[in-house]
Amino acid sequence: MMLLTCPNCGARNVSEFRYVGEAKSRPDPETATPEQWRRYLYFHRNPAGWISETWYHGSGCRRYFGIERNTVDNAQRSAAGTAGATS
Amino acid sequence: MSRNGQHDGPGRARRTSRYSAWSLVKNGLGAGSGWERAFRHHTPKETYDVIIIGGGVHGLATAHYLAENHGITDIAVLEKSYIGSGGSGRNTAILRSNYLTPEGVRFYDRSVKLYEHLAADLNFNVMFSQRGHMTLAHNDSSLRTMHWRAEVNKLQGVDSSVIDPAEIKKLVPYMDVSSSTRYPILGALYHPPGGIIRHDAVVWGYARSADAHGVHIHQKTEVVGIDVASNRVTGVRTADGRRISAPVVVNCTAGWSTLISDMVGVDMPVQTFPLQAAVTEPVKPFLDTVVVSGTLHTYVSQTDRGELVFGASVDPFASYSTRGSLDFVEGLAGHVLELMPGLSKMRLLRQWAGLCDMTPDYSPIMGLTPVEGFFVDVGWGTYGFKAGPVSGEAMAACIAHGKPPEIIAAFGLERFDEGRLVGEKGAAAVGH
Numbered sequence: 001m002m003l004l005t006c007p008n009c010g011a012r013n014v015s016e017f018r019y020v021g022e023a024k025s026r027p028d029p030e031t032a033t034p035e036q037w038r039r040y041l042y043f044h045r046n047p048a049g050w051i052s053e054t055w056y057h058g059s060g061c062r063r064y065f066g067i068e069r070n071t072v073d074n075a076q077r078s079a080a081g082t083a084g085a086t087s
Numbered sequence: 001m002s003r004n005g006q007h008d009g010p011g012r013a014r015r016t017s018r019y020s021a022w023s024l025v026k027n028g029l030g031a032g033s034g035w036e037r038a039f040r041h042h043t044p045k046e047t048y049d050v051i052i053i054g055g056g057v058h059g060l061a062t063a064h065y066l067a068e069n070h071g072i073t074d075i076a077v078l079e080k081s082y083i084g085s086g087g088s089g090r091n092t093a094i095l096r097s098n099y100l101t102p103e104g105v106r107f108y109d110r111s112v113k114l115y116e117h118l119a120a121d122l123n124f125n126v127m128f129s130q131r132g133h134m135t136l137a138h139n140d141s142s143l144r145t146m147h148w149r150a151e152v153n154k155l156q157g158v159d160s161s162v163i164d165p166a167e168i169k170k171l172v173p174y175m176d177v178s179s180s181t182r183y184p185i186l187g188a189l190y191h192p193p194g195g196i197i198r199h200d201a202v203v204w205g206y207a208r209s210a211d212a213h214g215v216h217i218h219q220k221t222e223v224v225g226i227d228v229a230s231n232r233v234t235g236v237r238t239a240d241g242r243r244i245s246a247p248v249v250v251n252c253t254a255g256w257s258t259l260i261s262d263m264v265g266v267d268m269p270v271q272t273f274p275l276q277a278a279v280t281e282p283v284k285p286f287l288d289t290v291v292v293s294g295t296l297h298t299y300v301s302q303t304d305r306g307e308l309v310f311g312a313s314v315d316p317f318a319s320y321s322t323r324g325s326l327d328f329v330e331g332l333a334g335h336v337l338e339l340m341p342g343l344s345k346m347r348l349l350r351q352w353a354g355l356c357d358m359t360p361d362y363s364p365i366m367g368l369t370p371v372e373g374f375f376v377d378v379g380w381g382t383y384g385f386k387a388g389p390v391s392g393e394a395m396a397a398c399i400a401h402g403k404p405p406e407i408i409a410a411f412g413l414e415r416f417d418e419g420r421l422v423g424e425k426g427a428a429a430v431g432h
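Protein chains in written order, with my numbering: chain A, 1 to 87; chain B, 1 to 432.
A couple of the hints might just be wrong.
Coverage of chain A stretches by chain B, computed from C-beta distances (three or more under 8 Å per stretch; other residues unrestricted) [as the list claims (entries may be wrong)]: (1) 27-40; (2) 66-79.
Among the chain B residues that face chain A by a calculated CB cut under 10 Å, a handful are [to be verified]: (3) 256; (4) 259; (5) 267; (6) 271; (7) 359; (8) 361; (9) 419.
Honestly, the hints are just simulated from the structure, not real lab data. Positions of the beta carbon are idealized from the N, C-alpha and C atoms, including for glycine.
Bound-form chain A, shown alone (with noise of 0.2 Å):
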């Protein structure tokens, strides 16, 4: 059973959290081309390794929070870099 830690709550089950995706900008939906937007939309990083990314804890405090992964062994820790609880 893998475990994620929320910053509100500590470490809970993974299941109770929506994975979000990758933490990045928006594009100003007002200026952005057709092309910067779908940039946006399909295109993101996926390496072997670190990663800052976002999550949902929906069967908790229901807030979103920023957390790195690592995505080779999903070890984590907070996105100030301390280890968190891995799996």
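Given the coordinates of chain A, work out where chain B should sit on it, guided by the hints.
Structure of chain B alone, referenced to chain A:
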């Protein structure tokens, strides 16, 4: 012939002895010592005409069809582990062509047609069993999609129709088709040409045939870098410190494909998700149809050995981890029992995970890239194995002629910038 019976000769074609009833009798009498190795070990050359990264069904099929259809035999297939160790050996071995878009149906139907003749073409028993494939509908909207798919399929000449619960019960007597379940079964899309196959045999058959044409298969050879000079591929570098040059490099690495494309600076709209599957202990044959339920996120088939193979949808977050989870088996067991309550005493033998390179539209990315000489055959998500033969055939044509053939014209990388997606989610997600 060198030690261990391995040939270490130059990469020229050899005469491969044919597998036949006669060879079986002859070698059976000789205690099996007369069997040749199916493919040879080679020392990598310094240069090749084509380097294919990834020794799975896609990479090996591309090598096979390049040699067979286009006479290009100076090819190296580089595999970081052993052949068929990635998605080719981890899928649930289901074949079908009842997709949703005309582009998808045409493409996967060509694959099923190639699979039908593959055993004869490769002289290798791939154990294709066309036992029929049904996708259950548990609500009105999925029944509507089934009708839509059936009509698209019929227009493309694919045998596919919507059947009612009474007909489902006839095909699968152990299925609970009553209306008292949580998700009552309203009907199914039935696709008689679908079925299952021995996935390892497909990999080995293509490897043996490619080897017989003179293709070099290098296992345990990981690519760690790709050299590009003035926007043109010149070769690759491997983990053991070699540099192998080639004017053409093909990326057939599925779940790891963005790592390879990053080496040449080609962005791809691909994210890697694990997909878990499981198999039970073997029991007597009772299920001769592949059963799929999108609502229950599961698909079930019984192998020739009698084991039940279960698959699911991809895990809910991106990862390169192939570790199994208890969440998965718990959910899976519950869903399977909703369909067939009689299986409650079955025991799981093992579970595993494979990596899926998911694209936004659930269609693959095939063909040329902005870097000259760098070809991609990726974005295979959860449907790569069934497309192996046609992908090999089409990629071989694409490499030989320098432009994608008509059958994969819709699957180019440029479609994401141009907004021409080929939406297959309705038929590809948990549709195995």
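Tested hints:
| no. | hint | in the structure |
| --- | --- | --- |
| 1 | 27-40 | holds (count 4) |
| 2 | 66-79 | holds (count 4) |
| 3 | 256 | holds (8 Å) |
| 4 | 259 | holds (6 Å) |
| 5 | 267 | holds (6 Å) |
| 6 | 271 | holds (5 Å) |
| 7 | 359 | holds (8 Å) |
| 8 | 361 | holds (9 Å) |
| 9 | 419 | holds (6 Å) |
Violation of the numbered hints given earlier is absent; every hint is satisfied by the structure.
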